[in-house]
Amino acid sequence: MLLVDVLAGGVRGGTAIMFAALGETVSERAGVVNLGTEGCMLLGALGGYAVAAETGSPWLGLLAGAAAGALLAAVHALLVVWRDADQFATGLTLMFLGLGLTSLYGAAYVGESAPGFAPVPVPVLADLPVAGEVLFRHGPVTYLAFAAAPALWWWLRATKGGLLLRTAGERADALVVHGHRPGLIRGLAVVAGGALAGVGGAQLATAYAHAWFEGMTAGRGFIAVSLVIFAAWRPLRVMAGSYLFGAALALAPALQARGYALNQFALDVLPFVITLVILAVLGRRTLRAAPAELRRVFQSASSR
Amino acid sequence: MRKILIIGAAVLLAAACSANTAGTTAAAPSGAEAAAPGKDATAVGFIFVGPRDDYGYNQAAYEGSQAVAKAFPDLKVLTAENVPEDDNAARVMNSMIAKGAKIIFATSYGHLDAALKVAAEHPDVAVFQQGNLITGTPPKNAGTYFGTVYEPVYLAGIAAGRATKSNKLGFVYAFPISQTLNNINAFHLGARSVNPKVQTFTVSTSSWCDPAKQAEAAANLLKQGVDVITQHQDCTATVIKTTEAAGRYTVGYHADASAIAPKGWLTGSQWNWGPLYIDMVKTARSGGFTGSKYNGNFRVGYRTGENPFVQSPYGPAVDEETKKLIEQARERLTKSSPFAGPVLDQKGEVRVLDGHVPDYEEIEKMDYFVSGVVGSLPKS
Chain E
1 MLLVDVLAGG VRGGTAIMFA ALGETVSERA GVVNLGTEGC MLLGALGGYA VAAETGSPWL
61 GLLAGAAAGA LLAAVHALLV VWRDADQFAT GLTLMFLGLG LTSLYGAAYV GESAPGFAPV
121 PVPVLADLPV AGEVLFRHGP VTYLAFAAAP ALWWWLRATK GGLLLRTAGE RADALVVHGH
181 RPGLIRGLAV VAGGALAGVG GAQLATAYAH AWFEGMTAGR GFIAVSLVIF AAWRPLRVMA
241 GSYLFGAALA LAPALQARGY ALNQFALDVL PFVITLVILA VLGRRTLRAA PAELRRVFQS
301 ASSR
Chain W
1 MRKILIIGAA VLLAAACSAN TAGTTAAAPS GAEAAAPGKD ATAVGFIFVG PRDDYGYNQA
61 AYEGSQAVAK AFPDLKVLTA ENVPEDDNAA RVMNSMIAKG AKIIFATSYG HLDAALKVAA
121 EHPDVAVFQQ GNLITGTPPK NAGTYFGTVY EPVYLAGIAA GRATKSNKLG FVYAFPISQT
181 LNNINAFHLG ARSVNPKVQT FTVSTSSWCD PAKQAEAAAN LLKQGVDVIT QHQDCTATVI
241 KTTEAAGRYT VGYHADASAI APKGWLTGSQ WNWGPLYIDM VKTARSGGFT GSKYNGNFRV
301 GYRTGENPFV QSPYGPAVDE ETKKLIEQAR ERLTKSSPFA GPVLDQKGEV RVLDGHVPDY
361 EEIEKMDYFV SGVVGSLPKS
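Listed in order, the protein sequences are those of chains E and W.
Take 1 as the starting number for the first sequence in the numbering used here and just add one per residue.
Take 1 as the starting number for the second sequence in the numbering used here and just add one per residue.
Calculated directly from the structure, the hints in this document are not laboratory data.
It should be emphasised that the depicted structure is a prediction, and the values quoted were computed from it without experimental measurement.
Where is the CB? At the ideal position from N, CA and C, for every residue including glycine.
Honestly, I wouldn't trust all of these hints.
Unchecked claim - Computed footprint of chain E on chain W; a stretch qualifies when at least three of its residues, placed anywhere within it, have a C-beta under 8 Å from a C-beta of chain E:
no., region
1, 178-190
2, 194-208
3, 215-224
4, 270-284
As the list claims (entries may be wrong) - With a cut-off of at most 25 Å between alpha-carbon atoms, the simulated SDA-like pairs for lysine to any residue come out as follows:
no., chain 1, residue 1, chain 2, residue 2
5, W, Lys-223, E, Arg-137
6, W, Lys-365, E, Gly-139
7, W, Lys-347, E, Phe-265
8, W, Lys-293, W, Asn-167
9, W, Lys-347, E, Leu-262
10, W, Lys-263, E, Glu-112
11, W, Lys-335, W, Asn-195
12, W, Lys-99, E, Arg-137
13, W, Lys-168, W, Gly-136
14, W, Lys-365, E, Gly-259
15, W, Lys-223, E, Gly-139
16, W, Lys-347, E, Asn-263
17, W, Lys-168, W, Lys-293
18, W, Lys-168, W, Arg-299
What the hints assert, rightly or not - Only some residues are given here: those of chain E computed to face chain W with a beta carbon under 10 Å:
no., residue
19, Glu-54
20, Gly-56
21, Val-110
22, Asp-173
23, Ala-174
24, Phe-213
25, Gly-215
26, Met-216
27, Tyr-260
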């Protein structure tokens, strides 16, 4: 059934986007935008694939992907938090740095074979009609993603760490009054966000595409950034949005494999059109939901 | 987005690539009217649209360039990877010419416009373009060349048609350019020649290499019950691994990838550019380019011999009977063509008349799917 295939494809392909978007959520809830997420994903993809190839363990690859993403994000944290550099300029530059570095050092791994994650159907649940195929016939990292979004939601809401992080994004001066260092909290949030983006990249390479190729994230890091905005910085909405994008990306091949006549190029731009439409519809409502410290960075050009 | 990334990559890689070409002889003066294109060249330049180690199209062309380097120790071989199919290509070729290159190989289909521009600006440089067609009279110093890749693809189609149990074959491709349509149609016709019930399902990724899209394309074809998948993509590992993991059969393209599909590998088509490149360079250096067979749209195949495309080794799933059928077909192709009439399109219209054997140029102008191929050409 077409719908089932598209939804299953959405979960399969949305996982990488979700990890990156959850990472961006962590970063932005602390008040820092990281446009370098695409670069963190690429480093994560290469790091994950390379380490899986060298060690034979995709799990070690996943960890390496997290470390690689965190490393690039650490540069962002240093420049933005410590040196007060412009967030957008730094993020974009890091994206290109990540692209260049991975093209250069990734050349050795193009065409190289590496062990990856194979789908593990969940007993009983995998046999459910519709839901079984959509949700329970994926790789272990996809199941990890099912848990990651609710976990982040709970952590932000119910723990002291989550409170400190949110305060860094809302009222940094209040943290200072209580003897905390907002800079440190933001820095850690950015690095953690980069690690999550790195996991997303590693998932893309070792569980989805089973290959490394330069630029293979193909804009997913940017989709993640815009997703966080229209998901109003909330992890569970980020989860839903990631699957929506995954489904949009899965639509073209699902239709074609059935022989439908369609405009391939229109379908290719669909995820980006969806983004623009949602941003246009939500308009300033998105901004109102933004963490206060972020809003200052984010204020768009208004006619009023 | 993709384009921005590619340009960004090109900019970043330009720095890395400059190391390849540093230290060459001083720029040769251009514009000397008399010199035959490419005569006594001391340097030759190759541009590739992708990285030289993509396990595919660009790697094959790169290996060809290294065969040239080996054959002519006195020749400086300049290479540039990730050259986009736009004006940047002209810039890269011009910088090679400034470094002394008198022979240029522009190895991607989309490099043709830039290659013709460079040829017009430098009458003393011989410009070879791989895979496209020059319409009208070619300039004195330019030509295109290619092999008939669809012939080994037709043979591989026979293996696919014999192997399938569901009678559904899958084909993942990038863009509906004529080379690709030739491959899809030849694959299907090869399969149908031994299995009249077979259908070929097509999915385009609108990219020469986007592994994530390939993964989704392969997953959807498998979901439709397709049990043999082949492709026309620059990087091929994702589709092959996905197919192998599902326990289905693979027909390869560009390279022998049986190592990553030990069970499901049937056969495929791969490249051997070296001998052709070497002969082209020899012709140009001797001053005999203009008016030679290379000064136009040069094509080789089983009918003319020396095809740069060769069939990949067989996998364990191919039986002796199939191998025999393929041998017979190969013999047939030395006198005929995969597209010998009658060929019908998807609507049932006759596109190649009964008894007609189309020539290479006619075949490369193909702009339709043959009957039995499922899917429609992407509209633009």
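Evaluated hints:
Check on the region 178-190 of chain W: 0 of its residues sit with their Cβ under 8 Å from a Cβ of chain E, so the three-residue criterion for coverage is violated. Counting residues of the region 194-208 of chain W whose CB lies closer than 8 Å to any CB of chain E gives 7, which reaches the minimum of 3, so the coverage claim holds. Coverage of the region 215-224 of chain W by chain E holds. Counting CB-CB distances below 8 Å, 8 residues qualify, and the rule asks for three or more. For the region 270-284 of chain W, the stated coverage by chain E is violated: 0 residues have a C-beta nearer than 8 Å to a C-beta of that chain, whereas at least 3 were required.
As the CA atoms of W/Lys-223 and E/Arg-137 are separated by approximately 13 Å, the hinted pair is consistent with the 25 Å bound. This hinted pair does not check out: W/Lys-365 and E/Gly-139 have alpha carbons roughly 44 Å apart, beyond 25 Å. Taking the CA atoms of W/Lys-347 and E/Phe-265, the gap is about 24 Å. The hint holds against a cut of 25 Å. Taking the CA atoms of W/Lys-293 and W/Asn-167, the gap is near 42 Å; set against the 25 Å cutoff, the hint is violated.
At roughly 17 Å between alpha-carbon atoms, W/Lys-347 and E/Leu-262 fall within 25 Å of each other, so this suggested pair holds. Straight-line distance between C-alpha atoms of W/Lys-263 and E/Glu-112 comes to about 19 Å, which keeps the hinted pair within the 25 Å bound. Of the pairs offered as hints, the one joining W/Lys-335 and W/Asn-195 holds, with about 23 Å between alpha carbons and a cut-off of 25 Å not exceeded. Only pairs whose Cα atoms come within 25 Å are accepted, and W/Lys-99 paired with E/Arg-137 is rejected, the gap being roughly 56 Å.
Between W/Lys-168 and W/Gly-136, the direct Cα distance comes to roughly 40 Å. Violation of the 25 Å bound is thereby established for this hinted pair. Only pairs whose Cα atoms come within 25 Å are accepted, and W/Lys-365 paired with E/Gly-259 is accepted, the gap being roughly 23 Å. Restraint check for W/Lys-223 and E/Gly-139: the C-alpha separation of about 17 Å stays at or below 25 Å, so the hint holds. For a cut-off of 25 Å, the pair hint linking W/Lys-347 to E/Asn-263 stands: about 19 Å separates their Cα positions.
With a C-alpha separation of about 41 Å, the suggested pair W/Lys-168 and W/Lys-293 falls outside the 25 Å cut-off, and the hint is violated. Among the hinted pairs, W/Lys-168 with W/Arg-299 is inconsistent with the structure: their alpha-carbon atoms are about 32 Å apart, more than 25 Å. For E/Glu-54, the suggested interface contact is broken, since its CB lies about 17 Å from the closest CB of chain W, more than 10 Å. Below 10 Å, beta-carbon pairs count as interface contacts, and E/Gly-56 has none with chain W, the closest being about 15 Å; its hint is therefore violated.
Of the supplied interface hints, the one on E/Val-110 holds, with its beta-carbon coming within about 5 Å of a beta-carbon of chain W, less than 10 Å. Given hint, E/Asp-173 at the interface with chain W, is violated; its Cβ is 38 Å from that chain's nearest Cβ, farther than 10 Å. Violation of the interface hint for E/Ala-174 is found here, the shortest Cβ-Cβ separation to chain W being roughly 39 Å, above the 10 Å cut-off. Because the beta carbon of E/Phe-213 sits about 5 Å from the nearest beta carbon in chain W, less than 10 Å, this interface hint is met.
Taken as an interface hint, E/Gly-215 checks out: its beta carbon lies about 5 Å from the nearest beta carbon of chain W, inside 10 Å. A least Cβ separation of about 5 Å between E/Met-216 and chain W falls short of the 10 Å threshold, and the interface hint therefore holds. At a threshold of 10 Å, the smallest CB-CB gap from E/Tyr-260 to chain W is about 8 Å, leaving the interface hint in force.
This entry does not satisfy hints 1, 4, 6, 8, 12, 13, 17, 18, 19, 20, 22 and 23, going by the numbered hints stated previously.
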